[in-house]
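Visitor: Chain by chain, the residues run as shown.
Number of protein chains: 2
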Amino acid sequence: MAGNTEENTAGSGAGNEAFLERLSSRLSHAQLALDEATRSSYSIDQGPIVDRHLPLAVVWAESVENVQHVVRSCAAYGIPIVARGAGTGVSGGAHASKGCIVLSLERMNRILDLNPDDETAVVEPGVINAELNAAAAEHGLMYAPDPASFKISTIGGNVATNAGGLRCAKYGVTRDSVLALDVVMADGSLLHTGHQTFKGVAGYDLTALLVGSEGTLGIVVGVTVRLKYLPHEVHTVAAFYPDFRSAAAGVLAVGKARVQPAIMELLDNGTLKQLDEMNGSELQRRGRSLLLVQTDGFGAAAEAEVVRRVLAAGGAVVTTEASEEAEQLVELRRSSRGAEVDDEFRVGEDIAVPRSRLVDFVAELEAMASRYRVGLKVVAHAGDGNLHPTFWMDRVDEQTDAAALARLNAALDESIRVGLDMGGTITGEHGVGQYKLRWLGLEQPEPVRELQRRIKNLFDPAGILNPGKAI
Amino acid sequence: MAGNTEENTAGSGAGNEAFLERLSSRLSHAQLALDEATRSSYSIDQGPIVDRHLPLAVVWAESVENVQHVVRSCAAYGIPIVARGAGTGVSGGAHASKGCIVLSLERMNRILDLNPDDETAVVEPGVINAELNAAAAEHGLMYAPDPASFKISTIGGNVATNAGGLRCAKYGVTRDSVLALDVVMADGSLLHTGHQTFKGVAGYDLTALLVGSEGTLGIVVGVTVRLKYLPHEVHTVAAFYPDFRSAAAGVLAVGKARVQPAIMELLDNGTLKQLDEMNGSELQRRGRSLLLVQTDGFGAAAEAEVVRRVLAAGGAVVTTEASEEAEQLVELRRSSRGAEVDDEFRVGEDIAVPRSRLVDFVAELEAMASRYRVGLKVVAHAGDGNLHPTFWMDRVDEQTDAAALARLNAALDESIRVGLDMGGTITGEHGVGQYKLRWLGLEQPEPVRELQRRIKNLFDPAGILNPGKAI
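Just so you know, the protein sequences line up as chains A and B, in that order.
Terminal number for the first sequence in my numbering: 471, no gaps in between.
Terminal number for the second sequence in my numbering: 471, no gaps in between.
The shape of chain A in the complex, shown without the other chains (with noise of 0.2 Å):
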């Protein structure tokens, strides 16, 4: 815990107590929570702190007009809002802004709708990722988008962020399963946007400017999905290589294949060490770099053939047809954050950049890492493009820990740059939140953030939902 830490007392001021009054008057006792340890516990997701404050209260919607009597509440009072599902945000989108109240949806957490002849669903935010793929499972079908959280994490934040996943380069993000929301905006109504329907153009696409909105233009209460097929089958290749250069070479050859893996994973020597670390295994010692690919479907064995041959020709040793210890590893990689949480002196980032582009960002990156004397390890999501580089530092006593952190920051900031000149962006799928706040500047040019601005003063004129947050 770190950061600038800020007390409120719960109903201090007449103006709170009113509010706080309103606010219970339509709730049980059980949906509303006012004590500090509560407060304190969801006062921030898993992400890194920069300006911490409690919030005012925590409420736990169960329904949509739960949370429509919140969002009046708030409004009559000028109180921000926090939305917030399962707090598995890396990018401090759920850290309690000033002032405010936050809001859980996780109890609304019903599938209200799974019809498998349309293959759609329609479901609380507060349902978890995994929960909605076991209840599609039964019927042959999957919810594609799957970040790593996908055990823990829900729907609605899903929304909130875009997640992406390890499977997004053949499936999509989760923009691209949302057909429709329900979403509670700023005054308090409710709005349906988009069809039920796997294609519509009827009108503006408001549906996926509020995908990835972060909770800034209003409060999602129901999702449409489509879904897709669980693949008929699924093979798995491991293959190892002596260093990071040619695995990342190993990705654009097996584009040149033509063969489009489920998921394609690369692990530095940095994040085998940790593996290995955790679990006891002896990755490090098969090589200093491991790319897993995973096909999918019925021409899953063909194209793992493929992509056999065409890494084994880049210097790869791969792992033969049995691919079961390949599948264990896709399961660690799934794991690999482990019980880590980011904080100041170990951020992760999430860039992503032109795939050509893999090889030499890395080759920055570990420059960097030598150069501002910080430990580095790198995973990426290496069909998108999308890296998660873990920058850290040992902490040691305060004065050398001011320095170091000052080295860690240069080397975030510099990471950073060097992503954008290559093309990149500054997050392929965990979102601004509040923490990459600081470096938005850098991607997007004034006009571009102005346009966003207005459109969030559009939908929230007064600034209550989620502010100091995404954009």
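Be aware that one or more of the hints could be misleading.
Identical copies look the same in the list; a pair holds intra-copy or inter-copy alike.
Mimicking DSBU-like on lysine-lysine, the simulated pairs with C-alpha atoms at most 30 Å apart in a straight line are [as the list claims (entries may be wrong)]:
#1 K256 <-> K151
#2 K273 <-> K98
#3 K98 <-> K256
#4 K170 <-> K98
#5 K151 <-> K273
#6 K170 <-> K256
#7 K151 <-> K170
Keep in mind that the hints were calculated from the coordinates and are not lab data.
Bear in mind the structure is a predicted one, so any value in this text is a computation, not a measurement.
Following the hints, put chain B in place on chain A, whose structure we already have.
Guide: Just chain B now, kept in the frame of chain A:
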């Protein structure tokens, strides 16, 4: 040609003269046409005409600076601008608005970049869809969205309507392939939205908001697209059925087998009859409905085998492995619009319904055609639930025609209402344009429409960008 034709004399009035002087000041002679024949031929696209206007002038932009100059000139004089690609739209999105100029982007037709390693291309808006595909094919790549007009329609026009096509169910619509846009805004400024990477979630998704906005929010002058892999193998299955109902059931059967075809087209008897007349084929003798299924990729053969099995089990007469004939049928289907251009006596619709309602909806359509004594044929991108029913009447004499036209419009209106009642949309891929505005209020309630008007007003406060369209 029909509708209310209004004559604007080019250059009439002192204001128009001054405007045209300014407009022409930075354009070559070959970039500006004021003659009536040209103005007339650029005054409409292929959509039905509700309200026909002649533009003041037709301008061909050859550069971004040209577009900026045109927009600034129009902004200064409050002259509406209708941007236009190849004019192949079928909703009247490129019909001239009253007192407008038509800005053709067909000469901005360069592929500026095509990067096979990044699997992206940057194109000017006037590039023909098929030309981009031909360039991509040299590298084993394709631009996935394939509207039936792909041989003549432009990428800019595809972006304006968020065009679909035959292979959307597997490969997505235009929005899913567009990564970034260069857009000239209503004040003449140039804005760059989006990212060069496959994934990117920094800020609001302005790119998705602009895709499908039919030239009402800005004028697209550059498009960065993601390319996909040309399929390793393609297999095509043609299945003839005794009636449409069992053919539509075949669509669901393929879904239940969890096979995702690239193409799944459904043709009714009226369409088979038309194809026979156009091509001298004898399709009607083989069945009263045809389902065409194309599988692609490494698993294409195995998938086609499953498709054949489930369709045969559903009562279809299915073509054998040699799918050459079936491929020819897909080509026939692609050109099934033929030479016919819609007008008020022959209207093609673009309704999409949830897939499970395909059968019911077509049964309703047939009942309507019979009740209102109008012609009907139906083709459907069945994988998407996207139907293109065409209702028509034969013209006899003025009095008879007036009565028939009333019946035709009653059938059209009823088909829309029934489609919406089934959870459908008035337009799956063609756009609202000018023609479908009369139905938009049936699909979208006033608050949703008002929000779009406010977004329009934010982007284009003077209302000069394609007024009277889309929203």
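Visitor: Regarding K151 and K170, is the shortest C-alpha distance of 30 Å or less found within a copy, between copies, in both, or in neither?
Guide: both (21 Å within a copy, 27 Å between copies)
Visitor: Reference check for the pair K98 and K256, CA-CA at most 30 Å: within, between, both, or neither?
Guide: For K98 and K256, neither the intra-copy (50 Å) nor the inter-copy (51 Å) Cα distance is at most 30 Å.
Visitor: Within, between, both or neither: how does the pair K170, K98 come out at a Cα-Cα threshold of 30 Å?
Guide: neither (40 Å within a copy, 45 Å between copies)
Visitor: For K170 vs K256, is the C-alpha pair at or below 30 Å within one copy, between two copies, both, or neither?
Guide: both (15 Å within a copy, 21 Å between copies)
Visitor: At most 30 Å between C-alpha atoms: does K273 with K98 qualify within a copy, between copies, both, or neither?
Guide: neither (40 Å within a copy, 68 Å between copies)
Visitor: Which holds for K151 with K273 at a C-alpha limit of 30 Å: within a copy, between copies, both or neither?
Guide: Answer is within: at 24 Å inside a copy they meet the 30 Å cutoff, but 53 Å across does not.
Visitor: Should K256 paired with K151 be assigned to within, between, both, or neither, using CA atoms and 30 Å as the limit?
Guide: between (33 Å within a copy, 27 Å between copies)
Checked against the numbered hints given earlier, this structure breaks hints 2, 3, 4; the rest are met.
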